Amino acid sequence: MSTVSQVTIRASKPAKFIADHRSVLRAVLSVGAAGIIVKLVAACKEMGVASVYGRSDAMDAFLVAALVPSLLVNLISESMNQALVPTLIRVREREGHERAQQLVSSAMLGVCLLLGAASAAAALLAHGFVPLIASHFPPDKLQLAIHLFYGLLPIVLITGIATNCTAVLNTLDRFALPALAPVIISISVLCGALLFGGRLGIWAIVYSTLAGSLLHVIIVGVMMEARGYRLHLRWHGMTEATRQVTGQYGPMLLSGVVASGGLRVDQSMAAMLPSGSVSTFAYANRFVAVVLSLSAGAVSTAIVPHFSRMIAHCDWRGCRQTLRTWTRLSALISVPIAALLIACAHPLIRAAFEHGRFGALDTSVVAPVLAMYAIQIPFFAISRVYYRFLVAMRRTDLILYCGILNLGLDIVLNLVLMRWMGVGGIALATSLWTVSTLFYCWFWSRRILARASAAEVAA
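No gaps in the numbering here: position 374 of the sequence shown is 374 in the UniProt record's numbering, and each next residue is one more.
Treat the hints as calculated values from the structure; they're not laboratory data. Computed from a predicted model, the values in this text were never measured in an experiment. Treat the hints with caution; some may be incorrect.
Each computed SDA-like pair below joins lysine to any residue, with the alpha-carbon atoms no more than 25 Å apart [unchecked claim]: (1) 39 / 347; (2) 39 / 207; (3) 39 / 146; (4) 141 / 124; (5) 39 / 259; (6) 39 / 74; (7) 39 / 66; (8) 39 / 153.
Let the sequences and hints guide you as you build the complete structure.
What follows is the structure, encoded as structure tokens:
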């Protein structure tokens, strides 16, 4: 190869690297902007629903009824997405579109069967677990919650299909419209509550939630069809790719169960503290949850397809550069946000909540807890880049071990810190195990990359 050709190749690599990261940045901005719009519309929905139903028994029953369906979708369907995306991209890159279509069809059939089985089991056990969730409800209110739960169960399958379609679209670098599509659910609920709440009562929200969810799955299904993937539920046998997705799915599902268990542990331990601690926990976490979903969530969604393509082509140098670039960008964005939340915790809580029965004393209690929670933001944001690399490498076993480690740390740190700091100690414990997550994911990402590079050199 001539010297001129070598210089041209060396010059083209930085240009390609910059172009690749520009596409990831565009995806991050698209997902983030769509997320802001979805959350703004959701806030309008909450205000509209509150104006119709207030803090009524019917609203309490609906919120309890909606807990398990949303949990099933998050555990079963989201876990499948994380297991499917890396393998789907590898199959498409190496074996072609038709093989990828077969994998999508098999995976969607599998997740629909799992969602259907989980829904059937939940329906059979509803009279057992709903009274546990709503242990203080009087009999009439409890019966309403159970009936509403049965009414909401179809959204488990509908929303599960929609999230799978969204994941497939993300592998094709389609981010903005799929991320924006859930806004139709909030619009449907808002219209249902305002137009039919007076006649149908709380069932107006149930019907409008179902209608919005159906529209959502139709929208993303049409998008997927337009991009060349058919929404077919068909089994194509236990191929090597299907076997890999199945093998990755188990650890991801268990990891999701462990993660949801951590939140339940925090809530349960907050309930052991003086009255109002659970509410303090919830109020303080709202701001941090929004920041994490809009920042770290956007990066996580956008970066997995990019990692998966590089891994499919054994581009380990590109993986290192991507990790370095996006961990630095995540730190650059998240550290100032965390510092701002910590510094402005009191005025922020005062402006958002201090009205009616929420007074100055409540602000003085919630604000320090918000500050403790905000410490986690940069550590969480940076760790998600390494976490998504491990997902793309299909090392879901490491993700599961990390979740188990975090749950153990959470319990121990809660027991120690809550004795000194009350509910603020629970918030600080969350921030501290997030630090451990960052170092865990960083260590294993570096080790896996070193092994992959060494194996490539040896070959």
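Tested hints:
At most 25 Å may separate the alpha-carbon atoms for a hinted pair to count; residue 39 and residue 347 meet this at roughly 22 Å. Restraint check: the Cα-Cα separation between residue 39 and residue 207 comes to about 21 Å, which is no more than 25 Å; the hinted pair holds. A threshold of 25 Å between alpha carbons decides the hint, and for residue 39 with residue 146 the separation of about 28 Å lies outside it, so the pair is violated. A threshold of 25 Å between alpha carbons decides the hint, and for residue 141 with residue 124 the separation of about 20 Å falls inside it, so the pair holds.
In summary, the hint linking residue 39 to residue 259 is supported, as the alpha carbons are separated by about 23 Å, within the 25 Å threshold. Pair hint residue 39 plus residue 74 holds up; C-alpha atoms about 18 Å apart against a cutoff of 25 Å. Restraint check for residue 39 and residue 66: satisfied, since their Cα atoms lie roughly 18 Å apart, inside the 25 Å limit. A distance of roughly 24 Å separates the Cα atoms of residue 39 and residue 153; the hinted pair therefore holds under the 25 Å criterion.
Violated hint for the displayed structure: number 3, the only one.
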